[in-house]
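Q: Residue strings, one per chain:
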Amino acid sequence: MEFLSYLISGLSLGSVYAIIALGYTMVYGIAKMLNFAHGDVIMVGGYISYIAVTRAGLPGWLSVIVAMAVCTVLGVIIEGLAYRPLRSATSLAVLITAIGVSYFLQNAALLIWGANFKTYPSLISGTLKLFDNKLSIPYVAMLTIVVCILIMVGLTLFTSKTKMGKAMRACSEDKGAAQLMGINVNKTISVTFAIGSALAAIAGVLLCSSFPTLKPTTGSMPGIKAFTAAVFGGIGSIPGAFLGGLLLGIIESFAKAYISTQLANTIVFAVLIVVLLVRPAGLLGKYVPEKV
Amino acid sequence: MNFLKKSKLSTSALRDYCSFPLVTVVFVLITILNNSGKLNKSMQGLLVPVCCYIVMAISLNLTVGIMGELSLGHAGFMSLGAFTGVVTSQSLIGSVPNDTLRLVIAIAVGALVAAFGGFLIGLPVLRLRGDYLAIVTLAFGEIIMDIVNCLIVGHDENGLHLIFNFTGEKTVADLNLAEGGTAIIKGAQGAVGTKTIASFAAGFILIMITLFVVLNFIRSRTGRAVLALRDNRIAAESMGVNVMKYKMIAFVLSTTLAGMAGALYGLNFNMISADKFNFNTSILVLVFVVLGGLGNMLGSIIAATILYILPEALRGLADYRMLMYAIVLIVVMLATNNPKVKNLFMKIIPKRKSKEGGAAQ
Chain S
1 MEFLSYLISG LSLGSVYAII ALGYTMVYGI AKMLNFAHGD VIMVGGYISY IAVTRAGLPG
61 WLSVIVAMAV CTVLGVIIEG LAYRPLRSAT SLAVLITAIG VSYFLQNAAL LIWGANFKTY
121 PSLISGTLKL FDNKLSIPYV AMLTIVVCIL IMVGLTLFTS KTKMGKAMRA CSEDKGAAQL
181 MGINVNKTIS VTFAIGSALA AIAGVLLCSS FPTLKPTTGS MPGIKAFTAA VFGGIGSIPG
241 AFLGGLLLGI IESFAKAYIS TQLANTIVFA VLIVVLLVRP AGLLGKYVPE KV
Chain P
293 MNFLKKSKLS TSALRDYCSF PLVTVVFVLI TILNNSGKLN KSMQGLLVPV CCYIVMAISL
353 NLTVGIMGEL SLGHAGFMSL GAFTGVVTSQ SLIGSVPNDT LRLVIAIAVG ALVAAFGGFL
413 IGLPVLRLRG DYLAIVTLAF GEIIMDIVNC LIVGHDENGL HLIFNFTGEK TVADLNLAEG
473 GTAIIKGAQG AVGTKTIASF AAGFILIMIT LFVVLNFIRS RTGRAVLALR DNRIAAESMG
533 VNVMKYKMIA FVLSTTLAGM AGALYGLNFN MISADKFNFN TSILVLVFVV LGGLGNMLGS
593 IIAATILYIL PEALRGLADY RMLMYAIVLI VVMLATNNPK VKNLFMKIIP KRKSKEGGAA
653 Q
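Residue numbers (this note's numbering), protein chains in the order written: chain S, 1 to 292; chain P, 293 to 653.
Just chain S, same shape as in the assembly (with noise of 0.2 angstroms):
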């Protein structure tokens, strides 16, 4: 029983890491750039979840909704103030503007909200027991499960089946030939962000759902391991980072029950360098044979 407790709390983790590993790969696919500062538009939506129940009042599945929303139009301004002017420069300049992105939401955030915790109030209380009360599930946990389920299905169907979809695949593959085809690249790349921000903001309202301390920094360890997981799954793949997030909160899970509390994360990166060593592209990741 205990074992299925530690599963299910580790698929819960790890579906908040998947949708945000998703955001992550998304803009990696399209505009072939790390986005550091996603970690912080998840803190960003936490704190916009959390005013909108606290301070309006909202219910909160509205509240999902406003921090979605607000997330979405952050994300479109990032991408076009910072990333947008950059799209020719190197990948090491774009990733410092990211980094400087990321500064700038966290002590924003610190300004704004103040630098102490926030306890956020649980969209969903209560656990489901079952055999004998032996198993407890909270009912968060059950959520956060089905949502990246739901998430990952319609992001598979959005990608494959709808005209905007395939604009990205088609950007993903080859940004020149995309033009010439007709597509908009930058609007592309805009709807991408729109995307994985909003995506960011459902895993920030999730996260602190479970973990339920809210400060400017939060979104920063949650995001480096859902880009682990993002990297685990093989970089620019939308199953992958299914995969890599759900892994990454198993073991992670795992590793806090039976290993040692301390070491969790060493245990998590440590797999995911034997992954690499393994399979260079991560698990579902396309090797790319470079031509001469």
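Quick caveat, the hints were computed from the structure, so don't treat them as lab data. Warning: the hint list may mix true and false statements.
Stated by the list, open to error - Not close to chain P: a few residues of chain S, all C-beta gaps over 10 angstroms, as computed:
| id | residue |
| --- | --- |
| 1 | A93 |
| 2 | R169 |
| 3 | N184 |
| 4 | S210 |
| 5 | F269 |
| 6 | L284 |
What the hints assert, rightly or not - Facing chain P, according to a computed beta carbon distance under 8 angstroms, are these residues of chain S, among others:
| id | residue |
| --- | --- |
| 7 | A82 |
| 8 | A89 |
| 9 | Y103 |
| 10 | M142 |
| 11 | V146 |
| 12 | V191 |
| 13 | I224 |
| 14 | T228 |
| 15 | N265 |
| 16 | T266 |
The C-beta atom is built at its ideal place from N, Cα and C for all residues, glycine as well.
Let chain S serve as the given structure and place chain P on it in line with the hints.
A: Positioned in the frame of chain S, the structure of chain P alone reads:
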């Protein structure tokens, strides 16, 4: 200007060799200012850390600028150097009473351990490429931090005692130190009660050594091989350059220097915890390198100095200082990398050059 034309040095060589006298002049100026009491307490406190971060920036520039591989875990090697340096220095207090000699030994041991760590980590890391290499260095940086957080080290007359506290239950008492023994590293608290022996002069000498080593390395046969690998790996490989060997040499050199900087840094504070060397520190150094210019050592020195002092100088803005720092960072990156802004500069600069040429003739 005639001197420039007659000398056969290229501009980059000239810039590199100018950095020695420049650093010396700045060091002398600051020492004079400091001795006449013109520097306030907070500025004095910044002197040694600035030296350490300059060495870190040069060392990371060797990896990112010269070797061409992005490393996001450089602070990990600084951490290795810092904690081995502290342990060495603290356990030698009895046998080596001379502070300067002990500092040199501590830095040397810190450098050795960081070099060994760099070698071990380089074995898997340097086989990967691009963003994958970056994420694995990030992972190693976090792993080093976690492991140091679990260490409990003490010293008594019987020598060093070390336990690895991975269950989180062990304390200093479990070291079973003899009477008069001291705990040096207390797990997550980090190194506590360190006797601070770092000095600004030591920092200056370390910068000079680093510059000397790195600038000579770049111009050596090995350095040229590393540069060739950066510019075109496949072409260099087909000319018989051993990829793994040369990347490893450059990487280990870089981590050695980071270890030296770390040892000096660790011995500058009474107490220091492993969290000081987290991902944000790695990023901070990377920002110095990128803003200073890839492969440009003088640029790294200037960027590290200005950017490390900037938050201190912006103290007047109180809570807004880190926000200002972030905005400055974004604006500088946009200004130096946006093609439109670049073209604007290009239009101005050739004009000035042609004018200078005309004047010389």
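Q: Take the hints in turn and mark each one as holding or not.
A: Outcome of the hint check:
Distance check for A93 of chain S against chain P: the nearest CB is about 4 angstroms away, which does not clear 10 angstroms, and the non-interface claim fails. Look at R169 of chain S: its CB is around 20 angstroms from the nearest CB on chain P, clear of 10 angstroms, so calling it non-interface holds up. No Cβ of chain P approaches the Cβ of N184 of chain S within 10 angstroms, the least distance being about 20 angstroms, so the stated non-interface status holds. Here S210 of chain S stays apart from chain P, with its beta-carbon at least about 22 angstroms from theirs, past the 10 angstroms limit.
At roughly 4 angstroms from the closest C-beta of chain P, the C-beta of F269 of chain S falls inside 10 angstroms, breaking its exclusion from the interface. Once the 10 angstroms rule is applied to beta carbons, L284 of chain S is consistent with being away from chain P; the minimum gap is 14 angstroms. For A82 of chain S, the shortest C-beta to C-beta distance to chain P is roughly 6 angstroms, which falls under 8 angstroms, so the interface hint holds. Annotation: interface hint on A89 of chain S holds; nearest CB of chain P at approximately 4 angstroms, less than 8 angstroms.
Interface restraint check for Y103 of chain S: the shortest CB-CB distance to chain P comes to about 4 angstroms, inside 8 angstroms, so the restraint holds. The restraint placing M142 of chain S at the interface with chain P is violated, with a minimum CB-CB distance near 30 angstroms, outside the 8 angstroms limit. Look at V146 of chain S: its Cβ only gets to about 29 angstroms from chain P, farther than 8 angstroms, so that hint breaks. Residue-level restraint check for V191 of chain S is violated (minimum Cβ-Cβ distance to chain P is 23 angstroms; threshold 8 angstroms).
Nearest Cβ of chain P to the Cβ of I224 of chain S: about 7 angstroms, under the 8 angstroms cut. The hint holds. Taking 8 angstroms as the C-beta cut-off, the interface hint given for T228 of chain S holds, the closest approach to chain P being about 7 angstroms. For N265 of chain S, the interface hint holds, since its Cβ comes within 8 angstroms of a Cβ in chain P; the closest pair sits about 6 angstroms apart. At about 4 angstroms, the closest approach between the beta carbon of T266 of chain S and any beta carbon in chain P falls short of 8 angstroms, and the interface hint on this residue holds.
When the structure is compared with the earlier hints, violations turn up for hints 1, 5, 10, 11 and 12 and for no others.
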